[in-house]
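A.B. asks: This is what each chain is made of:
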Amino acid sequence: MGFNYPPIEHWLVPKNLFERTIEGVLPATQHRRESGALWLGAREKIAKISAVLFPQGMGVEERRYSWRVSPEVFGAVTRWAAPRSLCLLAVVHTHLPGVPSVLSWTDRAFGVRVPGVLAIVISEGGYETDYRRWGWYVFENSDYTRFSGSEIASRVTVRSLTELEWGTADANGVWT
Amino acid sequence: MNTTGESQVNREQVGGAMIGHEVVEVTVSYLPAPKPFHHVYGESTVIGTIRLDAMQFFGVSDHQDRDKHEFFVEFRGRRLTDMTQTLEGLLGPNREGAHFNLIEQITQGAAAWVSTTRPSSIG
Chain R
66 MGFNYPPIEH WLVPKNLFER TIEGVLPATQ HRRESGALWL GAREKIAKIS
116 AVLFPQGMGV EERRYSWRVS PEVFGAVTRW AAPRSLCLLA VVHTHLPGVP
166 SVLSWTDRAF GVRVPGVLAI VISEGGYETD YRRWGWYVFE NSDYTRFSGS
216 EIASRVTVRS LTELEWGTAD ANGVWT
Chain U
167 MNTTGESQVN REQVGGAMIG HEVVEVTVSY LPAPKPFHHV YGESTVIGTI
217 RLDAMQFFGV SDHQDRDKHE FFVEFRGRRL TDMTQTLEGL LGPNREGAHF
267 NLIEQITQGA AAWVSTTRPS SIG
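Residue numbers (the numbering used here), protein chains in the order written: chain R, 66 to 241; chain U, 167 to 289.
Just to be clear, a hint being listed does not mean it is correct.
Unchecked claim - Computed, partial: chain R to chain U, Cβ under 10 Å:
hint	residue
1	Ala-107
2	Gly-232
3	Asn-237
These aren't lab readings, by the way, just hints derived from the structure by calculation.
Glycine included, C-beta positions come from ideal geometry on N, C-alpha and C.
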């Protein structure tokens, strides 16, 4: 028994993923609170992101210096994702304007510690629209490693024709 | 014995007697994993066994660092807390199969969340 997580060399993302993600997190930023999103898709050597969910409401805390998602919300997302053969590829969250887009110790400890899963910090609460200026980290060798600018350029490809599904998630379910 | 109904039947030779007992096809999903865990268990298997097998399959474990990391199984949206409960007891007479979800819970102080948090200004 044992599971091998397929290594991910490259991420393909729909062109509107970043715009949609920013739209989802900005309302919290405007209230001086952190927020976030879950990017899901097919995990393969070339991982294809095809859905973004915004945890909001019951089971989610958006505060000035923290964004917290309860296990019940992850359960609801799992129930929605499993029949669609989607898995979690990235946990994305904001840091408010003026705060560096760097994973804190707690971000690292509380993140999803599975090889290949991305942890992304959106700069300036989403007012920074250039994803290449966000903090991109991948979990490997028991910790998160930050991508350099050239790694983002070489390992993340934006595709204009790829479809994106989006919705919100709380402890009761997923709404798309 | 029921070979055409909802449950499969497994036969086992015990002390010269043929004993039929039902088995259940179990699936466990884990959100970061691209494939679920599949296994066939006897109906007397307890939930704790399934939890541990799934954790081993997905390469995760309960552990404690500055925080407490635990994995639990969820069934039909309900967190299962009794690890001694059997599949038979959980599913009742309709035991065609069972789909569980494996979810991590991280406990920091008194509150339990799976999250990213940033309590300081260092980012």
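A.B. asks: Evaluate each hint against the coordinates.
C.D. replies: Each hint tested on the structure:
This hint holds: Ala-107(R) has a C-beta 7 Å from the nearest C-beta of chain U, less than the 10 Å allowed. Given the 10 Å rule on beta carbons, the hint for Gly-232(R) is violated: about 15 Å separates it from the nearest Cβ of chain U. Interface hint at Asn-237(R): satisfied, since its Cβ lies 8 Å from the closest Cβ of chain U, which is below the 10 Å cut-off.
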